[in-house]
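Chemist: Sequence:
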Amino acid sequence: MKKVVIYSGGFHPFGLHHYNSYLHLCEKFGKSNVFVATSDYVTEQRPLNFEQKKMFAKQYGVELFKVKSPYKCTEITEFYNPSDTQLIIAVGNKDSDRITGKYYKPFSEGITESLNNHGFVYNIPHISIKKLGKELSGTTIREMLSNSTSQQFKEVMGWYNLECHKIAQDKFSNPTIKYEQLLKQPIQENRITKTQLQRIEQYADKFFKEFGIDVNFQNIYKGTHFYDRLNDPRNGTPISSDELRSIFKKASLKHGYKLSGLNDRAEGVLKDMESDINMPFILQWDKENQEIDLVPKTIMRKKDFKSSTPVYSMEDHLIESVVQSAVSNRHIKHIYEDSSLDYVKLLNDLLDNKCELFEKFDGQSLFMTFRNNQPLASRNKTTIINPLTRDQLVSKFNPNVAKVFGSAFDDIGNAFMSRSRLFEVHNLFLQFEILHPDNQNVFYYGKQPLIVLHNLVSYSNDGKIVNEYPDVVWALYNELKSSNQLNQNTYNILPPNKLTPNSNQVNWIRQNLSKIIDYNNLEHSISVFGYYFLNAVSDRSICQSTPDMLTDLLQTATSYINTYDPLKRVKVMDNVYKLNKVNTTLPKFEGIVFKYNDNTYKLTGSFRYLNQIIGAMKYK
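Using numbering that gives the first Met the number 0, the letters of the sequence shown correspond one by one to residues 0 to 619.
Mimicking PhoX-like on lysine-lysine, the simulated pairs with C-alpha atoms at most 20 Å apart in a straight line are:
{"id": "1", "residue 1": "K104", "residue 2": "K208"}
{"id": "2", "residue 1": "K71", "residue 2": "K104"}
{"id": "3", "residue 1": "K253", "residue 2": "K208"}
{"id": "4", "residue 1": "K514", "residue 2": "K580"}
Everything labelled a hint here was simulated from the structure, so no lab data went into it.
Between the sequences and the hints, there should be enough to build the whole structure, so can you do that?
Modeler: Quick look at the structure:
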């Protein structure tokens, strides 16, 4: 079967890191099969038109193809027989989340399907290149070239062209806009386009996928009330793409199970207290795809919005484990979600103990810093920029949860007060996990409330990550230990929990690896591998759940199945089937988190299935 590999991107401009990615694709798939595609779409942040992009790429000997949509590229595929051609879209890791939906699958060696049925997404391995003290990316290249000398331009790009240099200085500079000019700019500059909305839908689908829910804006290209109201001036401050992405992410994390348990045609409102965004929706059963469609009916920014339907508020939303997502501010991938990985090498590296493994916790996460010797807390990017006082923090939660977070705030504030200057000078935030028996999720960690330290991260004033200092976390922990401050008023403070595999169990897995891994059913295979591997490291886990405790919990959950709407019963039974297919023995703890090739991944075994079953009971 023929292969068409399309390297898609914005390329503002095409730089050395893009060129190295192109060479990698040529080596892997053959130069004649690789096309580099981009659109002619121009914005203030993406300033180059197609001809200008083409000029930059030409300096590397690379031809660009103009397409309307970099992730469809029909302008290229129309020249191939769709029944005997495999379509592979190649993207960098930062763009992989943009390609979702039922058509595209992660690329895996040995799997061939024609573009009639599916396209495949190949994540290009990250190649780090530093110039002038900065790692190359579209953003850093534009910054470095905006006021560069000819020598600096050559250093960054690897070549010099006077015309390209002039384009860079013209397009990448950021002149101050006069007030009069600002007034003349039309309001529609801030409008969310239909293309952006489609990408937001794809982004939301990734978070709701595990709950059997598909976010569906329906007929956005025909013009709907939702789309019109999205850009309505009555919203005051325009609703941004980031705000939309945020509300869907928070809604999936807090209400995913609850929404998946509602009946067909159920209605409600997603309400974000931080942004005052309200999104009335309706749930519709999609018979063809056997999933629930969440269809937003309208949207508005209104503080005192009233509704006769149930309101699903994000005000007590708990962000994911910091060790999972806070650093990157993105969904941490299961390893089967990254098609660029060499799975054989990765699994063997895990078995050979070549990765630092840390326990993944089933608790609640919090960030804390200090300003003027006062402790402050954060839960997301907004509150990283404007951290919360204790009163502001606890006001976000119901009384029981507020008590848990308030006591954690007090204990961390007391423990690290002597280091408040360090936090303030470097804009540092301590990231930690709260494990409290009064706020237990699935797993039990004992009667003693625990705080597990994760990381120390510095942020810029606009909430972007500057650097990480995991080693400093250990230094701070040792300082607390030497001064007898680990046991605070409510919590005992623990360091990141590093796990080491048991050699005998690892040897058994290695011997049976070929039987465990089926590359045609990678997702299930990785869950089975994860089950055995987690057992091999479980002796050092903090989790205290016993098999009997989890069995009782599972039996209680499954006893509710017959009371469900038939459509929802299918989902619960499906997860029971998948859980039993992995192993009849339940997982001993949630999972592990580790870094590999500068990316963070998680391995949770059969926990994902157990969690969905119990979540369905909880939000019945």
